[in-house]
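Protein chains: 2
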Amino acid sequence: MRILITGGGGFLGSRLARAVAARGTLAGARGMERVDSIAVLDTAFPSGDDGFERITGDITDPAVLERALTGDTGAVFHLAAVVSAGAEADFDLGMRVNLDGTRALLERCRRLPHAPRFVFTSSVAAFGGRLPEVLDDRTTPNPQTSYGMQKVIGEYLTTEYSRRGFIDGRSLRLPTIVVRPGKPNLAASSFASGIVREPVHGEASICPVPEATRVWMLSPDKVVAAFIHAHDLPSEAWGVERVVNLPGISVTVREMLDTLARIAGQAVAARVRFVPDERIERIVRTWPGDFLTPRALALGFTSDQDFGAIVRQFLDEAGR
Amino acid sequence: MRILITGGGGFLGSRLARAVAARGTLAGARGMERVDSIAVLDTAFPSGDDGFERITGDITDPAVLERALTGDTGAVFHLAAVVSAGAEADFDLGMRVNLDGTRALLERCRRLPHAPRFVFTSSVAAFGGRLPEVLDDRTTPNPQTSYGMQKVIGEYLTTEYSRRGFIDGRSLRLPTIVVRPGKPNLAASSFASGIVREPVHGEASICPVPEATRVWMLSPDKVVAAFIHAHDLPSEAWGVERVVNLPGISVTVREMLDTLARIAGQAVAARVRFVPDERIERIVRTWPGDFLTPRALALGFTSDQDFGAIVRQFLDEAGR
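Here the protein sequences line up with chains E and G, keeping their order.
So for the first sequence, the numbering used here puts the first residue at 1; every next one is plus one.
So for the second sequence, the numbering used here puts the first residue at 1001; every next one is plus one.
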């Protein structure tokens, strides 16, 4: 079968493409099936050829979706999105890409000869407002960002398109992914990677939120494994509940820096300075810091051991 | 100020228009304000002039919305919708009217010189799937109908447009409204009125669901009072939680018929026959039958005393 990854030019999308390629199979209608081709859709790609079928364009463009989803497409991983701070800064852009784009993609899936499996990337940004100290599977989303609202609506669309039989959908609420390589981005959560990544590379890093800030996080390895696991679970495992909070670990900024100092050295951790940024803090403050995730664990999703394991995963890949 | 009622040609919309006209005032930015004009928008109106400004057209038509929302519009009551069985029978129609229509209306509100108060009519059809016996304010919506999904998305849009300051919104999850006058309609809940209304008028009525079916209900008088109360509550009373489950009463079909027999006579109640309809039953079965609504009660919303009070309200109006 053919698979499509939207946002396939980004960090998680390209990593997922490589993981699926390495695996070579995904669960299909007739048990494990061979993945014949992997298409990656994005507005831009890094230079160089990674061997995947690259489709450059906007998911709100019908012609692009027509090319991206062919009759033999059996699985769609929908990662493309305008990130949190971006959707907050430009309401209309967020609505167009995150809501209209998701709907256009679902409509295109509906017209495929066979309902594809559809993995939707949601976020803990779905939660906000008055929250308990520790959230669980029964906590009702009440997002306090435009991005979070668009993600929740994407979940409801994914669930309904599944109930209708247009797709076989599953939505994952992702923790903050730490450590992302590359450069800081517009996501309000960008600091959570930055305060490890930049110091390890010998650069100064600014933390815009207080050290007591609690981050619910998952590593790149674990989230890519979660995408594939979510895809491969049979439809019956999801039933009428098509959304799940992924497991993660809950770590404060202070604990992150202490762990970094222990593993990479005091001098490395000392490269982080605290410079409060009210705009970022206002967004991050609405995000939940800790969860109980019994449903995800029962479905077989797993989290990282501790923050040390996350730092070591990053150091290994960075060749340090 | 001017107010707009979408779905203003329907039973609840026209009743709300008359109630607001009789009252003459609504809460505004500067305390209680005089209602200067009431516009009612619908795809069709009953014959006769009720003195309101009638706008005939579709809420997805920009030209219609342009006429419906003028610069002096201070309040919008959004009741227009394709009903449950209609949205289930025609997915695209439901998406167009219930989702795109609501969004177009919100976008038009956003362009008004002052953010209007906006009362969104949601429904207990928001709930479905695996439900507790008695739902409460913390139960997470998991609709199992297209209508319910569209209503939940409307709630999230209303909340987000409020957070952005585009409107001052409030969403009400309506119980089934009993007794509606007139003819049966496409709503899957139509029987709940029909098994009282038709027998009282000397006609036979068919009940498509088992007599143990529990209905969460509210009378026309109470829901119109709830619309106005929801509107008049100050923004601070809602805070970041812009959705509320209205109070109601939980009554089985058997209890409804027993009460009808007691008040209107055994011969009247005997006009109801049970003829199972799997299509209707499948939808109604997903709806919740009982709630605890502490938040609504704390906000000052009220329900009917008992089903006898609802029957008497109907008999009074029918002149029986």
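Simulated from the structure, these hints should not be mistaken for laboratory data.
Do not rely on the hints blindly, as some may be mistaken.
[Stated by the list, open to error] Selected chain E positions facing chain G (in silico; Cβ < 10 Å):
id: 1; residue: Met95
id: 2; residue: Leu99
id: 3; residue: Arg163
id: 4; residue: Pro208
[What the hints assert, rightly or not] Ranges between beta-carbon positions, derived for each pair:
id: 5; chain 1: G; residue 1: Asp1221; chain 2: E; residue 2: Thr302; range: 52 to 60 Å
id: 6; chain 1: E; residue 1: Arg110; chain 2: G; residue 2: His1114; range: 35 to 43 Å
id: 7; chain 1: G; residue 1: Thr1070; chain 2: E; residue 2: Ala225; range: 38 to 46 Å
id: 8; chain 1: G; residue 1: Asp1221; chain 2: E; residue 2: Arg164; range: 35 to 43 Å
id: 9; chain 1: G; residue 1: Ala1063; chain 2: E; residue 2: Ala225; range: 48 to 56 Å
id: 10; chain 1: G; residue 1: Pro1184; chain 2: E; residue 2: Asp221; range: 16 to 24 Å
This one's a predicted model, so the numbers in the text were calculated from it and none came from an experiment.
Each residue gets a CB set at the ideal place from its N, CA and C atoms; glycine is no exception.
For each hint, the structure was consulted:
The closest approach between the C-beta of E/Met95 and any C-beta of chain G is roughly 8 Å, which is under the 10 Å cut-off, so the hint is satisfied. Annotation: E/Leu99 was flagged as interfacial toward chain G, and the flag holds, the nearest CB pair being 9 Å apart, inside 10 Å. A hinted interface residue such as E/Arg163 counts as satisfied when its beta carbon comes closer than 10 Å to some beta carbon of chain G; here the least separation is about 7 Å, so the hint holds. Residue-level restraint check for E/Pro208 is violated (minimum Cβ-Cβ distance to chain G is 22 Å; threshold 10 Å).
Separation of G/Asp1221 from E/Thr302 is about 55 Å and conforms to the stated range, judged on CB atoms against 52 to 60 Å. Evaluation of the 35 to 43 Å hint for E/Arg110 and G/His1114 yields a pass: the beta carbon distance comes to about 40 Å. For G/Thr1070 paired with E/Ala225, a C-beta distance near 55 Å fails the hint of 38 to 46 Å. For the hinted restraint 35 to 43 Å between G/Asp1221 and E/Arg164, the CB-CB distance of approximately 37 Å keeps it satisfied.
At roughly 52 Å, the beta-carbon separation of G/Ala1063 and E/Ala225 lies within the given 48 to 56 Å, and the hint holds. For G/Pro1184 and E/Asp221, the hinted distance range of 16 to 24 Å is not satisfied, since their beta carbons lie about 58 Å from each other.
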